[in-house]
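**Q** Chains B and A, in that order, are what the protein sequence lines are. Quick note: the first sequence uses our numbering, first residue 1, plus one each step. Quick note: the second sequence uses our numbering, first residue 1001, plus one each step.
Keep in mind the hints are simulated off the structure, nothing from the lab. It is possible that part of the hints are untrue.
Stated by the list, open to error - Once the Cα atoms are required to be at most 30 Å apart in a straight line, the calculated DSS-like pairs of lysine-lysine come out as:
{"#": "1", "chain 1": "B", "residue 1": "K87", "chain 2": "A", "residue 2": "K1285"}
{"#": "2", "chain 1": "A", "residue 1": "K1296", "chain 2": "B", "residue 2": "K122"}
{"#": "3", "chain 1": "B", "residue 1": "K127", "chain 2": "A", "residue 2": "K1291"}
{"#": "4", "chain 1": "B", "residue 1": "K87", "chain 2": "A", "residue 2": "K1291"}
{"#": "5", "chain 1": "A", "residue 1": "K1220", "chain 2": "B", "residue 2": "K122"}
{"#": "6", "chain 1": "A", "residue 1": "K1296", "chain 2": "A", "residue 2": "K1220"}
{"#": "7", "chain 1": "A", "residue 1": "K1296", "chain 2": "A", "residue 2": "K1328"}
Claimed, not checked - Computed Cβ-Cβ distance ranges for the label pairs, DEER-style:
{"#": "8", "chain 1": "B", "residue 1": "V37", "chain 2": "A", "residue 2": "M1337", "range": "40 to 48 Å"}
{"#": "9", "chain 1": "A", "residue 1": "F1060", "chain 2": "B", "residue 2": "Q83", "range": "23 to 31 Å"}
{"#": "10", "chain 1": "B", "residue 1": "D96", "chain 2": "A", "residue 2": "R1101", "range": "50 to 58 Å"}
{"#": "11", "chain 1": "A", "residue 1": "F1060", "chain 2": "B", "residue 2": "C61", "range": "37 to 45 Å"}
{"#": "12", "chain 1": "B", "residue 1": "Q84", "chain 2": "A", "residue 2": "E1351", "range": "44 to 52 Å"}
Just so you know, even glycine gets a beta-carbon here, dropped at the ideal spot from N, CA and C.
The residues making up each chain are set out below.
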Amino acid sequence: MYAKLILIISISFLAFSDKPDKISYARFQSAFTRLEVPISLLNYNEIFIVHVGYCASTNYCGDNLIQYISHCANRHCLVIYDQQDPKFEEQLTTIDGIEMRFVERHFLKTHNVFSVYNIHIKCKRVKYLY
Amino acid sequence: MRGAFEKLNGMLSIVSFILVPIFLIMCGSNSDVEQLNAEPDSSIFIPLVDTGLTFSTSYFEIQKRPGNHNYQLLNSTISGDSTILNFYNKEENCIDSYNLRSGNYVSRMQGIIPKEEFQTVKTTFPNEDTCYFVEESSWFIRLHRGGLDTIDYLNKKIRDQKLAVEQFRMGSSFELISDSLFFFPLHVDPYSKGLVRMYNYPMTAMYNINSGELKTLGLKYPELYDKCNYGLLRPITQVYPPEKIVYNPNARGEIWEYNLTSGSIQIHDLRSRYQLKEIEPLTFKSTPRTKDMLMKHADLSGEYTHLVWDPYRNVYYRFFKHFRPEKKENGFYTTYMDDVISVIVASENFEIIGEFMLPEPCSFIYFAYPTPDGLIINNGSLFGEENNQINVRKINFDYID
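Work the whole structure out from these sequences, hints included.
**A** Here it is, written out as structure tokens:
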């Protein structure tokens, strides 16, 4: 009985202690409306926020990330990226249905929406691409 | 029978009462090591009195060679009276050098440099004609004006001895101590497979270029770093004045002096007067999924980013990045550009001579090189917004000079 209780407590503790600092959809939406040329996230079905210089996992980096984004091209998709890298930009600008938008990393940081992870926002749900 | 057992039990408890305090006293005799492992308390420190160090700074910019060169800063060398800054030119695969005194482009060193070697490289320039470099997964190589020599598969030796070179960090050094001896920091990756604890591993290695011998020396990682995880503030940088190694734990107020002759350790308080509270260890588990929280912890906490030994004045400079509030008065979140850095100047005996604030553009430090002309640091963005200049600030200390 006690052993089970301890196990449950420790598992829940581990689960909570591993939670990253999540950013909500509302915070993204409010931040991007403060750009000089505002972005309304509601106009897009799929939004990606890509940190070209950062990568948390090999699953969603480089070519894998390009493939992942290009699969969503038919669903009116916006890619926000914070580092101008021709290798990254050239591969996506040629795909129809993908809109690209450069936003400075400084802006993301001052508005508290910066994350080292690449982010996929879909139907008001924020998904972290680890 | 039962009585005999009770007697034995009683005797055992008496013996343990006597032995345990003796054991504890014996353990406590190594006070230096114990101090190394002392956990931080959250007491408030009282700022030191200003010691009246006066200094002057001057800013100058060097024009880069025409063309859009993608530079990676390598190191500095002394040539005659001048200091030379060396950059790896990624586009042309060579090393470009600039004279800091005249502000002129000096020369280039070309060789058949495999490009990937310079990705995570540590370099040292014993003179302007030679460059030694070591790369994490590759060889120890000498580049000179005549060509390129592969000297040793140094990293194989490091792997064989189950050591790993620390990832490249500006504060870390890789130095030629004499004609043939190199000192460099070691780091055991706490996430690597098969390693449960990182403490008790050596922090410094010595490599003899003539004999090919690699051996460890200096302090071992303190046990404290296993108990207190400082996250991204975990690095312990090191400098190599004659006959000693001085360790700069980035998250701690003190520094650790290791005497190479006697093998003794001395702990010196070299705390910034602007550090009003202890740098706290992580309060959450460090995993690949908590990188944002790790970065936030490192951003907002204070950090002793660099320790520099100045051989020309025989003093130490310790850079302290102050604690940063999360938000500015206007409600926006702060970034690294809002960081404030001060420099503690300490004598050869680690007595604080003074501390001064760096001017506003210096919110992050790429490099800090002591030169005969003064301390040279980057002035904010090293290459400027248009990537056509090298921004440098020179600091002279009237008190020392």
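**Q** Confirm or reject each hint.
**A** Status of the hints after comparison with the structure:
{"no.": "1", "hint": "K87/B - K1285/A", "in the structure": "violated, 35 Å"}
{"no.": "2", "hint": "K1296/A - K122/B", "in the structure": "holds, 26 Å"}
{"no.": "3", "hint": "K127/B - K1291/A", "in the structure": "holds, 15 Å"}
{"no.": "4", "hint": "K87/B - K1291/A", "in the structure": "holds, 25 Å"}
{"no.": "5", "hint": "K1220/A - K122/B", "in the structure": "violated, 49 Å"}
{"no.": "6", "hint": "K1296/A - K1220/A", "in the structure": "holds, 28 Å"}
{"no.": "7", "hint": "K1296/A - K1328/A", "in the structure": "holds, 15 Å"}
{"no.": "8", "hint": "V37/B - M1337/A: 40 to 48 Å", "in the structure": "violated, 23 Å"}
{"no.": "9", "hint": "F1060/A - Q83/B: 23 to 31 Å", "in the structure": "holds, 29 Å"}
{"no.": "10", "hint": "D96/B - R1101/A: 50 to 58 Å", "in the structure": "holds, 56 Å"}
{"no.": "11", "hint": "F1060/A - C61/B: 37 to 45 Å", "in the structure": "holds, 40 Å"}
{"no.": "12", "hint": "Q84/B - E1351/A: 44 to 52 Å", "in the structure": "holds, 49 Å"}
In terms of the numbered hints stated before, the structure departs from hints 1, 5 and 8, listed from lowest to highest.
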